[in-house]
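One-letter residues, chain by chain:
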Amino acid sequence: MSEAPTIEPIQDTENVHVVAIRFAGDSGDGMQLAGTRFTEASAIFGNDLATFPNFPAEIRAPAGTLPGVSSFQVQIADRDILTPGDQPDVLVAMNPAALKANLADLAPAGTIVINSNAFDERNLARAGYPANPIEDGSLDSYRVLSVPMEDLTKQAVEGSGLKGRGVLRSKNFFALGLMAWMFNRPIDTTLEWIAKYYGKEPDVKAANELAFRAGYNLGETTEMFRHTYTVPPAEMPPGTYTNVTGNQALAWGIIAAGQAARLPVMYASYPITPASDILHELSRHRNFGVRTFQAEDEIAAVGAALGAAFAGHLGVTGTSGPGLALKSETISLAVMTELPLLIVDVQRGGPSTGLPTKTEQADLLMAMYGRHGEAPLPVVSVSSPSDAFFATIEAVRIALKYMTPVILLSDGYIATSAEPWRIPNLDSLPDISVPFTTTTNSEAGFLPYLRDPKTLVRPWAVPGTPGLQHRIGGLEKEDRTGNVSYTPANHELMTQLRERKIAQIADDIPEIVIDTHADADVLVIGWGSSYGAILAGVRRVRNNGHKVARVHLRHLNPFPKNLGEILQRYPKVLVPELNRGHLWRLLRADFLVDAIRYSKVEGRPFKAAEIENKLMELIES
Amino acid sequence: MTSATSYTRQDWQTDQEVRWCPGCGDYTILASVQNFMADLGVDRENVVFVSGIGCASRFPYYMNTYGMHGIHGRAPAIASGIAVARPDLSVWVVTGDGDALSIGGNHIIHALRRNINIKVLLFNNQIYGLTKGQYSPTSEEGKKTKSSPWGSIDHPFNPVSLALGAEATFVARTTDMDRPGTQEILTAAYRHQGSAFVEIYQNCNVFNDKAFIALTGKEERDVNKINLAHGKPVVFGPDDSRGVVIEHGTARIVDVAEVGLDAIYVHDATAPSAGAAFALSRLSHTPVGPTPMGIFRNVERTTYESVLQQQIHDALESRGPGDLRALIASSGTWTVGE
Numbered sequence: 001m002s003e004a005p006t007i008e009p010i011q012d013t014e015n016v017h018v019v020a021i022r023f024a025g026d027s028g029d030g031m032q033l034a035g036t037r038f039t040e041a042s043a044i045f046g047n048d049l050a051t052f053p054n055f056p057a058e059i060r061a062p063a064g065t066l067p068g069v070s071s072f073q074v075q076i077a078d079r080d081i082l083t084p085g086d087q088p089d090v091l092v093a094m095n096p097a098a099l100k101a102n103l104a105d106l107a108p109a110g111t112i113v114i115n116s117n118a119f120d121e122r123n124l125a126r127a128g129y130p131a132n133p134i135e136d137g138s139l140d141s142y143r144v145l146s147v148p149m150e151d152l153t154k155q156a157v158e159g160s161g162l163k164g165r166g167v168l169r170s171k172n173f174f175a176l177g178l179m180a181w182m183f184n185r186p187i188d189t190t191l192e193w194i195a196k197y198y199g200k201e202p203d204v205k206a207a208n209e210l211a212f213r214a215g216y217n218l219g220e221t222t223e224m225f226r227h228t229y230t231v232p233p234a235e236m237p238p239g240t241y242t243n244v245t246g247n248q249a250l251a252w253g254i255i256a257a258g259q260a261a262r263l264p265v266m267y268a269s270y271p272i273t274p275a276s277d278i279l280h281e282l283s284r285h286r287n288f289g290v291r292t293f294q295a296e297d298e299i300a301a302v303g304a305a306l307g308a309a310f311a312g313h314l315g316v317t318g319t320s321g322p323g324l325a326l327k328s329e330t331i332s333l334a335v336m337t338e339l340p341l342l343i344v345d346v347q348r349g350g351p352s353t354g355l356p357t358k359t360e361q362a363d364l365l366m367a368m369y370g371r372h373g374e375a376p377l378p379v380v381s382v383s384s385p386s387d388a389f390f391a392t393i394e395a396v397r398i399a400l401k402y403m404t405p406v407i408l409l410s411d412g413y414i415a416t417s418a419e420p421w422r423i424p425n426l427d428s429l430p431d432i433s434v435p436f437t438t439t440t441n442s443e444a445g446f447l448p449y450l451r452d453p454k455t456l457v458r459p460w461a462v463p464g465t466p467g468l469q470h471r472i473g474g475l476e477k478e479d480r481t482g483n484v485s486y487t488p489a490n491h492e493l494m495t496q497l498r499e500r501k502i503a504q505i506a507d508d509i510p511e512i513v514i515d516t517h518a519d520a521d522v523l524v525i526g527w528g529s530s531y532g533a534i535l536a537g538v539r540r541v542r543n544n545g546h547k548v549a550r551v552h553l554r555h556l557n558p559f560p561k562n563l564g565e566i567l568q569r570y571p572k573v574l575v576p577e578l579n580r581g582h583l584w585r586l587l588r589a590d591f592l593v594d595a596i597r598y599s600k601v602e603g604r605p606f607k608a609a610e611i612e613n614k615l616m617e618l619i620e621s
Numbered sequence: 001m002t003s004a005t006s007y008t009r010q011d012w013q014t015d016q017e018v019r020w021c022p023g024c025g026d027y028t029i030l031a032s033v034q035n036f037m038a039d040l041g042v043d044r045e046n047v048v049f050v051s052g053i054g055c056a057s058r059f060p061y062y063m064n065t066y067g068m069h070g071i072h073g074r075a076p077a078i079a080s081g082i083a084v085a086r087p088d089l090s091v092w093v094v095t096g097d098g099d100a101l102s103i104g105g106n107h108i109i110h111a112l113r114r115n116i117n118i119k120v121l122l123f124n125n126q127i128y129g130l131t132k133g134q135y136s137p138t139s140e141e142g143k144k145t146k147s148s149p150w151g152s153i154d155h156p157f158n159p160v161s162l163a164l165g166a167e168a169t170f171v172a173r174t175t176d177m178d179r180p181g182t183q184e185i186l187t188a189a190y191r192h193q194g195s196a197f198v199e200i201y202q203n204c205n206v207f208n209d210k211a212f213i214a215l216t217g218k219e220e221r222d223v224n225k226i227n228l229a230h231g232k233p234v235v236f237g238p239d240d241s242r243g244v245v246i247e248h249g250t251a252r253i254v255d256v257a258e259v260g261l262d263a264i265y266v267h268d269a270t271a272p273s274a275g276a277a278f279a280l281s282r283l284s285h286t287p288v289g290p291t292p293m294g295i296f297r298n299v300e301r302t303t304y305e306s307v308l309q310q311q312i313h314d315a316l317e318s319r320g321p322g323d324l325r326a327l328i329a330s331s332g333t334w335t336v337g338e
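Here the protein sequences line up with chains Z and A, keeping their order. Going by our numbering, the residue at position 606 of the first sequence is 606; the numbering climbs one at a time, nothing skipped. Going by our numbering, the residue at position 39 of the second sequence is 39; the numbering climbs one at a time, nothing skipped.
No wet-lab data here; the hints were simulated from the structure. Model, not experiment: these values are computed from the prediction. Treat the hints with care, since some could be wrong.
[To be verified] Simulated restraints, written as ranges between beta carbons of each label pair:
no., chain 1, residue 1, chain 2, residue 2, range
1, A, G133, Z, E511, 55 to 63 Å
2, Z, A503, A, L130, 30 to 38 Å
3, Z, A489, A, G133, 31 to 39 Å
4, Z, Q496, A, G133, 54 to 62 Å
5, Z, S433, A, L316, 20 to 28 Å
6, A, E167, Z, V601, 41 to 49 Å
7, Z, L365, A, G105, 55 to 63 Å
8, Z, S433, A, R319, 48 to 56 Å
9, A, P238, Z, F436, 57 to 65 Å
10, A, A271, Z, L426, 49 to 57 Å
11, Z, A589, A, L130, 45 to 53 Å
12, A, G23, Z, A489, 28 to 36 Å
13, Z, A589, A, D323, 45 to 53 Å
[As the list claims (entries may be wrong)] Here are some, though not all, of the chain Z residues that point toward chain A, as calculated from beta-carbon distances under 8 Å:
no., residue
14, T240
15, A300
16, Y486
17, I505
[Said to hold, decoys possible] Computed list of chain Z residues with no C-beta within reach of chain A, every gap over 10 Å:
no., residue
18, D89
19, T242
20, H313
21, Y369
22, K454
Glycine included, each C-beta is placed from N, C-alpha and C at the ideal position.
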């Protein structure tokens, strides 16, 4: 062995505060998996992070083409960050199409790690490259690390037992191993995961392990990868953390809300991107007593959830925009029957089928007004993946306490992206239970529409309760008795009662507090998933010595009581939204303020720099 | 669920004025349902009636039970939610031919195939009554109505065939006029574990009078009504002179004297295959001639909610009661110290 060349560790490591990496490849290349594994390893290492998965609507678009490119961006940092990063510092490109589709986003002088085996004539032609960009000098302004990942994967997995084309499927683990080396990630987390996840397929398990190690070892032994980066763990508040996606947190929020309300949960849904993962997650947990019901369509899903609510369960349905449209008639029935119901809308790009896998905030006005007749209901929004947990509990609290359907707005970005979450003290969750009515409420017998004089809430008497048999339905109800009534004055009264009941919820939600830069000239107000980008943009503006006040709304109907007064205080009010101005219109209509719209509808989230630039424009104008 | 209290029909009535047209077949059906419920001694608070939209769908307002008058076509979906959440309740759907077979066609077939424990009473009057007289999915071809002055082009559904094709485990047919027959079928439907589908021919004396005269007319019914009785040869007509044979999956009507009683089909509502029941249902597409009435099919199959309950039970056995903290931590955690 003495004659073998010794390999000196030739690593030189640079400490960086924050770095964004984008894994990009064909839909079948396993980039979502590679990105997710890198994220988990970074989370457990202790970095703060944020992710942005971006994938096509087609399960397998034609291989090698631009529409088939799938990517996963993750930003890791040693401090509190709010977004997955405006532009990646490192791009992993598994084929020419992935390079072409993502290069424009890469930071100037950024690093490109290329799977050179995929840059053959056929793939170059499919991506529309007249010449090989690795060779023609067009990438000279970047740091290009060209690696024959497929050849090296094939060599590495020899002996795993895997044969044929299956071998190449491990190349995502090779790329992941290489990134683990470049960013000094602990490898145990990933190896443990491979062992657990592929435990039942020993050859696949072995191949993925070998490929992962080979990628890592290539970095260690090749001069090309001498320069590595370390992102130290972030300073985060003490506690136990986990990494969570929005759909996961929302599903857990539903379970938690059921527990906090002491009600069994019935989740009825029809599969739809990007909401299906909520159904998948809840379906696993029968031991929580959760009943999931995959209905025949969107209408049946909300119908079953409403039926469960009538029967005394926590009825929940989840969908995306096209499904919300289909559910609207039943939601109106829930308004008329005044039953508690949670409707989750994980928004996506529209109209129609639109951009099923991309994000947008363009269902707000549908949530507010998308029903026939006067049918007001509360609207609550989710700001980030982990926030989905708490927003869901809040939406359920309102639904139960005020006997009303509530629409909870999440979106595709929140649904699929991930962030670290300090696991809350579950014992301190609020008690949101409401008692069923079990005794008659008047001398004339049980009156299902006899309201609490203060909250205007009607009693919830569930089937099985002796003596309280009653009938509800979609025909206009007579005040107090709930009998069918077509009397003009009664319809006017009931319409106003339903409206007041919802409006009064403003007394039961927190007022807005502006704790930083309350004396600024510019107020930026947002809702939903733009939370991270807006706050990051605001921080940059403040770090540059400017003042800007910020409001991020959770409750979109009713608004917090002091919102109007807050808006009047600021000469300039900016409303960034991933739509053509939904909140902007509501604010102008409700409060007569000349708010400024900042709209983006590209199917992807705001970048912090976009918010920063827009704010600077306003501050300097 | 059966009560110790003894009820009368009055106990099942509400204080609401019944608002169907005078002479409507719905009145008779309401009386049959109230009578059968009283006879059975079910507790009113454990019964839920759900309906959609249409004349028939006003039904829940007149039953002193829990009830929801829903939206057009969606009653099976709402009822499914109630039954899945609360298997302890007796859940009934009242619907019509337009409600169940047109706007709600999707929901009815899926509720039946899932075998959710709901009892569907389809009041079939072969017309849209509440919207004042358009042809329905069960109207005969060529029917002249307000929306089909040249005659309806649509080929009608045969509701019993549809229910059998939708994997229903209990399928029956009766008429509004036949109160004893209806009550007998309702009792069997109530006792059946799973979805029950009962088509009730119901006369709309305003927009489609005498549509079922072949089965309800004093003279006509003796010739046309084929009473299905489990385990008995299917014979009908004066002195049971006519009968049904089933050959190669097709039923046809014969003179018993010609073929002999042994050749006549012996009805088996519990047959594993729905084939014979389906063949019987094809004897009359719209009831203008000999038409089988009674229970076509009554078989056992696990109900949706019983399997769901079992899954919950099994999950509790194998994993213990859900621990939310453990669930949240299940995908890996890390700890940041003070």
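Hint check results:
1. A:G133 - Z:E511: 55 to 63 Å: With a Cβ separation near 57 Å, G133 (chain A) and E511 (chain Z) satisfy 55 to 63 Å, so the hint holds.
2. Z:A503 - A:L130: 30 to 38 Å: About 35 Å separates the Cβ atoms of A503 (chain Z) and L130 (chain A), which means 30 to 38 Å holds.
3. Z:A489 - A:G133: 31 to 39 Å: holds (32 Å)
4. Z:Q496 - A:G133: 54 to 62 Å: violated (37 Å)
5. Z:S433 - A:L316: 20 to 28 Å: holds (22 Å)
6. A:E167 - Z:V601: 41 to 49 Å: Between E167 (chain A) and V601 (chain Z), where Cβ atoms are some 45 Å apart, the hint holds.
7. Z:L365 - A:G105: 55 to 63 Å: The hint (55 to 63 Å, Cβ to Cβ) is violated, given that L365 (chain Z) and G105 (chain A) are roughly 32 Å apart.
8. Z:S433 - A:R319: 48 to 56 Å: Since S433 (chain Z) and R319 (chain A) have Cβ atoms about 25 Å apart, the given range 48 to 56 Å is violated.
9. A:P238 - Z:F436: 57 to 65 Å: holds (59 Å)
10. A:A271 - Z:L426: 49 to 57 Å: holds (54 Å)
11. Z:A589 - A:L130: 45 to 53 Å: Given range 45 to 53 Å: violated, Cβ gap about 38 Å.
12. A:G23 - Z:A489: 28 to 36 Å: Roughly 34 Å apart at Cβ, these two residues keep to the hinted range, so it holds.
13. Z:A589 - A:D323: 45 to 53 Å: holds (47 Å)
14. T240: It holds, given that the least Cβ distance between T240 (chain Z) and chain A is near 5 Å, below 8 Å.
15. A300: holds (4 Å)
16. Y486: Since chain A brings no Cβ nearer than about 11 Å to Y486 (chain Z), farther than 8 Å, the hint is violated.
17. I505: Hint violated; I505 (chain Z) Cβ to chain A Cβ min 25 Å, cut 8 Å.
18. D89: holds (24 Å)
19. T242: T242 (chain Z) not clear of chain A: closest Cβ-Cβ about 5 Å, inside 10 Å.
20. H313: violated (4 Å)
21. Y369: It holds; Y369 (chain Z) is separated from chain A by about 19 Å at its closest Cβ, greater than 10 Å.
22. K454: holds (27 Å)
In this structure, the hints that do not hold are numbers 4, 7, 8, 11, 16, 17, 19, 20, in rising order.
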